[in-house]
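Student: The primary structure of each chain is shown beneath.
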Amino acid sequence: MATAKVREILSWYSSENPGVKANLARLMNTGRLAGTGKFVILPVDQGFEHGPARSFAPNPGGYDPRYHVELAIEAGCNAYAAPLGFIEHVASDYAGDIPLILKLNNSDSLSKGHEPCSAITGSVEDALRLGCAAIGYTIYPGSGDRNIQYENLRELILEAKAVGLPTIVWSYPRGAGLSKDGETAVDVAGYAAQIAAQLGAHIIKVKPPKKHLEVKEAAATFEKNGIAIDTLTDRVKEVVRSAFGGRRIVIFSGGEAKGTEEVLKEVAEIAAGGASGSIMGRNAFQRPKAEAIQLLHAVMDIFAKVK
Amino acid sequence: MATAKVREILSWYSSENPGVKANLARLMNTGRLAGTGKFVILPVDQGFEHGPARSFAPNPGGYDPRYHVELAIEAGCNAYAAPLGFIEHVASDYAGDIPLILKLNNSDSLSKGHEPCSAITGSVEDALRLGCAAIGYTIYPGSGDRNIQYENLRELILEAKAVGLPTIVWSYPRGAGLSKDGETAVDVAGYAAQIAAQLGAHIIKVKPPKKHLEVKEAAATFEKNGIAIDTLTDRVKEVVRSAFGGRRIVIFSGGEAKGTEEVLKEVAEIAAGGASGSIMGRNAFQRPKAEAIQLLHAVMDIFAKVK
Amino acid sequence: MATAKVREILSWYSSENPGVKANLARLMNTGRLAGTGKFVILPVDQGFEHGPARSFAPNPGGYDPRYHVELAIEAGCNAYAAPLGFIEHVASDYAGDIPLILKLNNSDSLSKGHEPCSAITGSVEDALRLGCAAIGYTIYPGSGDRNIQYENLRELILEAKAVGLPTIVWSYPRGAGLSKDGETAVDVAGYAAQIAAQLGAHIIKVKPPKKHLEVKEAAATFEKNGIAIDTLTDRVKEVVRSAFGGRRIVIFSGGEAKGTEEVLKEVAEIAAGGASGSIMGRNAFQRPKAEAIQLLHAVMDIFAKVK
Amino acid sequence: MATAKVREILSWYSSENPGVKANLARLMNTGRLAGTGKFVILPVDQGFEHGPARSFAPNPGGYDPRYHVELAIEAGCNAYAAPLGFIEHVASDYAGDIPLILKLNNSDSLSKGHEPCSAITGSVEDALRLGCAAIGYTIYPGSGDRNIQYENLRELILEAKAVGLPTIVWSYPRGAGLSKDGETAVDVAGYAAQIAAQLGAHIIKVKPPKKHLEVKEAAATFEKNGIAIDTLTDRVKEVVRSAFGGRRIVIFSGGEAKGTEEVLKEVAEIAAGGASGSIMGRNAFQRPKAEAIQLLHAVMDIFAKVK
Amino acid sequence: MATAKVREILSWYSSENPGVKANLARLMNTGRLAGTGKFVILPVDQGFEHGPARSFAPNPGGYDPRYHVELAIEAGCNAYAAPLGFIEHVASDYAGDIPLILKLNNSDSLSKGHEPCSAITGSVEDALRLGCAAIGYTIYPGSGDRNIQYENLRELILEAKAVGLPTIVWSYPRGAGLSKDGETAVDVAGYAAQIAAQLGAHIIKVKPPKKHLEVKEAAATFEKNGIAIDTLTDRVKEVVRSAFGGRRIVIFSGGEAKGTEEVLKEVAEIAAGGASGSIMGRNAFQRPKAEAIQLLHAVMDIFAKVK
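Residue numbers (the UniProt record's numbering), protein chains in the order written: chain Z, 1 to 307; chain D, 1 to 307; chain R, 1 to 307; chain V, 1 to 307; chain S, 1 to 307.
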C-alpha cells in the first residue's frame with residue numbers, strides 16, 4: 001500500500017488517469033527513498049549531449065550502457081533516465097529491475113550558431129515497447145525555437161497520458177532571449193518551472209538557481225515583495241512555489257562534476273528549500289562505482305530526513 | 001429556462017449547433033450575473049505570460065492553482081479561464097463547480113526579437129477530457145505571424161464547434177505593423193474585434209481602447225463621419241459596433257493592476273458603452289481574496305444595472 | 001461549490017477524467033434535487049419503443065417533442081432522456097435549459113420472433129453536437145444477442161469517456177434465457193445491475209424487482225444467506241448492493257402507468273431501499289402537465305427526505 | 001535485481017520486447033512470492049460470470065470492489081484480475097499498489113442454449129489507461145464458437161504486445177464438442193494448455209485435471225506411452241509439459257469453494273506437479289478476510305517450498 | 001547453428017525482436033567471413049553521391065549495376081549496399097544470392113551552399129519488396145540540418161524494426177559546426193559513433209579517425225585522461241568504445257581510392273583497434289574485378305585473423 005506521503009503527492013495529479021498515477025507511484029515506490037515522496041534519479045544523456053569522451057573517459061566503465069543501469073539499481077535510485085540507444089541496450093536484460101525514463105529529445109553539441117533546439121530521438125511507442133515508466137523531454141525557454149518545443153511537448157504529453165505514461169520535463173532556460181547569467185537566474189528558473197507545469201509536466205527538472213535576477217520587471221517584483229534570494233535554500237523555495245505552489249514534483253540537477261562535500265552541501269540546501277529530489281548524472285557516473293553509490297546514498301539520506 | 005436576454009443573445013449565433021449554444025448558455029447562466037447576458041470572467045494566464053513572481057508574489061496564495069478557481073467560484077464569476085496546467089490541476093477536484101475555459105495558446109516573455117506569436121499549448125481534445133465549456137485563443141493582429149495565428153484559430157474553431165465548444169478570442173493588436181500607441185488605438189481595437197468576429201469567434205476579448213487613431217485612412221474616416229472617440233464610453237461603443245453591430249459578445253480586459261476606484265470608474269464607462277462584460281485577471285487575483293471578491297461583485301453590479 | 005454528498009458520489013468514479021466527473025456533477029447539480037445526490041429523470045423513448053399512439057394519445061400534447069423537454073424543465077428534473085429525433089428537435093431552442101441524455105439505441109415493437117436487440121440510433125458525435133450531458137444505452141441480459149450489445153456498449157462508453165460524457169445503461173433482462181417472471185426477478189435484477197456496472201456504466205437504470213428468484217443456484221444462495229426479498233425495499237437494497245456495494249448510481253423505472261398513490265408508495269419503498277432516484281416516463285407524460293409536475297415533485301420530495 | 005529464477009523464466013520469453021518482459025517481471029517481483037517465479041493471483045470475475053449474489057452474498061464485504069483489491073494487496077498476491085468495472089473502480093485509488101490484470105472478455109450466465117462464447121468487455125487501450133500490467137482472456141476449446149475466440153485473442157495479444165502488455169489466457173474446455181467429464185479430462189486439459197501456448201499466451205490458466213481421458217486417440221496414446229494419470233500430481237505434470245515442455249507459466253484454478261484442508265491438499269498436489277502457481281477466487285473472497293489471507297498465505301508457502 | 005561469436009554479438013541486441021536478430025545473423029553468416037562476427041561490405045552509392053563518371057569511368061564495367069552485386073558475391077562479401085536504383089536493378093536477377101542493404105537517403109553533389117542534408121530516396125516498404133536484409137541511412141552530425149536527419153532516422157529505424165529490418169547508419173560529421181579537419185577528428189568520430197548508437201543504429205559506419213581533436217572541451221578530456229590517439233589503432237579503439245563500450249558493430253570505410261599496400265596497412269591498423277569490419281567501395285570497384293577480389297580477400301583475411 002502506498003504511504004500517506006505518496007498518496008498526498010498523487011492527489012496533486014487528480015485529473016490524471018489511473019495509468020499515469022500508477023507510474024508516478026512506481027517511481028515513488030522504488031529504491032532507497034521508496035515511500036518518502038522524494039526522488040534521486042540517475043540520468044545519463046551526456047554521451048549524446050556532450051560526447052562520449054567528455055562524459056565517460058573519467059570513469060571508462062561508463063562507455064558500456066550496462067554500467068549506468070547497474071549503478072542506478074545498486075544505488076537504489078528511483079529511476080534511470082537516458083536516450084533511446086542507452087535504454088534499448090539494457091531494457092531487455094534488466095527488464096523490471098528499475099523504472100526507466102526514455103528521454104524523447106536530445107541535442108548534440110557539434111553544431112553551432114542556431115537557437116537551441118533538441119531533435120526528437122524517440123517516441124511514446126518506443127517507451128511502451130521498452131517497458132518505460134515515463135517519458136522525458138527538454139525545453140529551452142528563452143530560445144527562438146521555444147514554441148516548436150512547447151508544441152511538440154504538448155502533443156507528446158497528450159499521447160503519453162493516453163497510454164498511462166507521465167512526463168518529466170527538463171526546463172533549461174537558454175537562447176537569444178537570455179544573458180549567460182540569465183540562464184540560471186532565480187526569476188528565470190522559477191519562470192521555467194512555471195512554463196513546464198503549465199504545459200502539463202508531471203515532474204519538473206531545473207538547475208539550481210543562482211543569486212541573479214534577469215528580467216527587469218521580475219527584479220522589481222522580487223524587491224517589492226521582499227522575496228529572499230540570498231541563500232540557495234531561499235531560491236529553491238521560490239522555484240518550488242513557482243511550480244503551482246509546491247504542488248508539482250520539482251527536482252534539481254547537480255550540474256558540473258565537483259567535490260563530494262560541495263555536492264552534499266548543495267543538496268542539503270536544495271532539500272531544505274522543499275525540492276522533491278535530485279537528478280544526478282556526472283557527479284555520480286564519473287566517480288568510481290563504489291564512491292558513486294556512497295555519494296548517492298548520502299544524497300538520499302539528506303532527502304529522507306526532510307519531512 | 002433561459003431568460004429573454006439570454007435567448008436574444010443566443011439568437012445572434014443561430015447558425016451554430018445546439019452544443020455550442022448550450023455552452024454559451026452555460027456561461028450566461030452561471031454566477032451572480034446569471035441570466036443577464038453579462039459576463040465577468042476570471043482569467044489567469046499571467047503565470048505563463050509574465051512569469052510566476054510578477055503574477056503571484058503580490059498575493060502569494062495565487063501560486064497555488066486552487067486559489068484562482070476558488071476565487072472565481074466564490075466571487076460568482078461566469079467562468080474561469082487558464083492555460084492547460086492550471087486547468088488540469090483543478091478540473092477533477094472542482095468538477096462541475098464553474099465553467100472552465102481552456103486557453104489553447106500562450107506566450108512566455110523570455111524570448112525576444114521575434115514577431116509576437118503564441119505557442120499552441122492545448123487542444124480541443126484536452127478541453128473535452130477536462131470538462132471545459134469553451135476554448136480560448138489569442139491572436140495578434142499586426143504581427144508578422146498573424147496569418148499563422150488566424151489559420152490555426154480557424155481550424156481550432158471548426159474542430160471545437162463540431163464537439164459543441166464555443167471559442168473566446170483574445171484579440172490583441174501587436175507587432176511590427178503597429179506603433180506602441182497603435183496597439184490600443186480605437187480604430188485598431190475595432191479592427192481587431194472585427195477580425196476576431198470574421199474568424200468565427202463567439203466571444204471577443206479586447207483591451208479598453210485609447211483616444212488614438214493609428215491608421216491614416218481610418219483616422220480620415222473617423223473624422224469625416226464624426227465618430228466620437230473622446231470618452232472611453234464613446235470608444236467602447238465604436239468597438240462593440242465593430243463586432244457585427246453589437247451582435248457578438250465583446251468583453252474588455254482591465255489591463256494592469258490599479259486602484260479600486262480607478263477600476264470601477266473604467267468599468268462603468270465600458271459598461272455604458274455596451275460592453276458585454278469584463279475579464280479581470282491581475283486586478284482580481286493580486287488583491288487579498290476578500291477584497292478581490294468585493295471588487296468583482298462591484299464590477300458585476302455595474303454590469304447588472306446596464307440594460 | 002458541490003455539496004459534500006455530490007463530492008462523495010463523485011469519489012466513486014475516481015478513475016474517470018474531469019470531463020466525465022463534470023457532467024455527472026451537472027446532472028446532480030440541476031433541478032429541484034440539486035445537491036442531494038438524488039435523481040428524477042424524465043425519459044421519453046416510448047414513441048420509438050411502443051409507437052406514438054400508445055405513448056402519446058392519452059395526453060396528446062406529448063406528440064410534440066417540445067412538450068416533454070418543457071415538462072422536464074418545469075418539473076425541475078435532473079435531466080431529460082430521449083432518442084435522437086426528440087433530442088434534436090429541441091436541443092437548439094432549449095439549449096442550456098436542462099441536461100440532455102441521448103439514448104443511443106432503441107428498439108421498435110413491430111418485428112417479432114428475434115432475440116431482443118436494439119438498433120444503434122445515435123452516436124457520441126451526435127451527443128456532442130447536440131450539447132448532451134450523457135449518453136444512454138439499453139442492454140438485454142438474457143438475450144441471445146447480449147454479447148453484441150455488451151460489445152457495442154463497451155466501445156461507446158470508451159468513446160464517450162474520452163470526450164467527457166458519462167453513460168447511463170438501461171439494464172433490462174429479457175430474451176430466451178429467461179422466463180417472463182425472470183425478467184423482473186430480484187436475483188436477475190441484481191445480476192443485470194452488476195453486468196452494467198462491470199461494463200463501465202456510470203448510472204444504472206433497472207426495473208423495480210419482484211419477489212421471484214429465477215436462477216436455481218442464485219435462489220439457493222439467497223436462501224442460504226438469508227437475503228430478505230419480501231418487501232420492495234428489501235429487494236431494492238439487494239439490487240443496489242449488487243451494483244458495487246452501492247458505489248454506483250442506481251435508479252429505478254416506474255414501469256407501466258398507474259395511479260398516483262400507487263406510484264408514490266412504490267417510490268417510497270424504492271427510496272427506502274437506497275436507490276439514487278427514479279426515471280419516470282409514462283407515469284409522468286401521460287398525465288396532464290400540471291398533474292405530472294405535481295407527481296414528479298412528490299417523487300422528488302420523497303427522495304430529498306432520504307439521507 | 002531479478003533473482004536467477006525470475007531471469008530463467010523470462011528466458012522462456014526471449015522473443016518478446018522488453019515491455020512484455022518488464023511486466024512479466026513485475027508480476028513475478030510482487031507480493032509474498034516475489035522472486036520465486038511462483039504466482040498466487042486473486043481473480044474476481046464471478047460477479048459477471050455467476051452473478052453478484054452467488055458470488056458475494058457468502059461474504060458480503062465483497063459486493064464492494066475495494067474489498068478484493070485490498071484482499072489481494074494484504075495477502076501479498078502477485079496480481080489482482082477482474083473485469084473492467086471492478087478494475088476501473090479501484091485503479092485510481094489504489095494506483096501502483098498491486099499489478100492489475102484486466103480481463104478483456106466475460107460471459108454472464110443468464111442466456112442459455114448457445115455455444116459458450118464470452119463478450120469482449122474491455123480493450124488494450126483500457127488496460128493502458130488503467131495502469132494494468134497484463135490483459136486476460138478466456139477461450140473455450142471445444143466450443144462451436146472457438147475460432148472466433150482464438151482469432152480475437154490473437155489480435156488482442158498482438159496489440160497488447162506492441163504496448164508491452166503480456167496476456168494471461170484462461171483456457172477452459174467447454175461446448176458441444178465435449179462431454180461434461182471431458183471438460184476437465186487430463187488429455188483435454190493438456191490440449192487446452194497447448195492451444196493457449198500456441199496462440200501466444202504468456203501465462204496459461206487451466207483447471208485441475210481429473211482422471212479421465214476424453215478423446216479416444218489420446219487415450220490410446222496415454223496408455224501406449226505409459227503416461228501416469230492416477231494422481232493429481234501426475235496429471236498436472238502432463239498438463240505442464242503440454243505447455244511447451246514446462247517453458248510456459250501454467251497456473252491452476254481452485255474451482256468451487258471448499259474446505260481449507262481440501263484446498264491445501266489439492267494445492268500441494270498441484271505444486272508438486274510443477275505448476276507455477278494458483279489463481280484462487282471464490283475459495284479466497286468468499287471466506288472472511290482474515291481467514292482468506294491465512295489460506296492464501298498457506299498456499300503461497302506451499303509454492304515457495306517447491307524449487 | 002550460429003557460432004559462439006555470432007551469438008555473443010547478437011546478445012548486444014537483446015531488446016530487438018527476432019526478425020531484426022535474424023537479419024543481423026544473416027549478415028554475419030554470409031560470405032568468406034561467415035561466423036567470425038566480422039564484416040566486409042561492398043557499398044556503391046558513389047554514382048549518386050559523386051556522379052557516374054567520377055565513380056565508374058576508371059573501371060567502366062561499373063556503369064552496369066550488375067557488375068557490383070556480382071563483385072560482392074564473387075568476393076564473398078557479407079552484403080552489398082546501394083541506393084534504390086542500383087538495388088532494384090539487380091534484386092530480381094540475383095534474388096537470394098547475397099544480403100542487400102537499401103540505402104534510404106542520398107545526396108548528390110550538384111547543389112552547394114546549403115548545410116549538408118541527404119534526400120530520402122527509398123523506404124522500408126521498398127526494402128521489403130526488394131528482399132533486403134537491412135536499411136542504410138546517412139547522418140551528418142555538425143550540420144545545421146542534423147535534427148531533421150536524426151528525426152527521420154528515428155522514424156525509419158522504428159518502422160524498419162517493426163518489420164524485422166536492422167539499420168546501418170553512415171555517421172559522417174560535416175557542416176557549419178565543424179572545421180574541415182574536424183570532420184575526421186578522433187573526438188568527433190567517437191561522438192558521431194555515439195550519436196548513431198543512441199539513435200538506435202544496429203551497425204555504425206564511420207571514417208578512419210585522424211590525429212586531430214576538434215572540440216576544446218573534448219581535447220582537454222583526452223589529455224587529462226591520457227587517451228592515446230597517436231596511431232590509427234589507438235584512435236579506432238577510442239571510436240569503438242565510444243559506440244557503447246564496443247557493444248555495437250562499428251565498421252570503417254576506406255575513403256578515397258589508394259594503393260593496395262596502403263589500403264591493407266590501414267585495414268590492419270583498423271582491425272587491430274577492434275573494428276568489426278570494413279566497408280570498401282571505390283578501392284574495390286574502381287579496380288579491375290580480379291584485382292578487386294584479391295584485395296577484398298586480403299582485407300577479409302586480416303579481419304579473420306583478429307579474435
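Rather than coming from a laboratory, the hints here were simulated on the basis of the structure.
Do not take every clue at face value.
[Stated by the list, open to error] Think about it this way: if two alpha-carbon atoms lie no more than 25 angstroms apart in a straight line, the pair counts; the simulated DSS-like pairs of lysine-lysine are:
#1 LYS211/S with LYS112/Z
#2 LYS258/V with LYS216/R
#3 LYS258/D with LYS237/D
Student: All hints, please: hold or fail.
Tutor: Evaluation of the provided hints:
Note on LYS211/S and LYS112/Z: the hinted pairing holds, with a Cα-Cα distance of about 23 angstroms set against a maximum of 25 angstroms. Distance hint between LYS258/V and LYS216/R is fulfilled; the C-alpha atoms sit about 20 angstroms from each other, no more than 25 angstroms. The suggested pairing of LYS258/D with LYS237/D holds, with an alpha-carbon distance near 24 angstroms, which does not exceed 25 angstroms.
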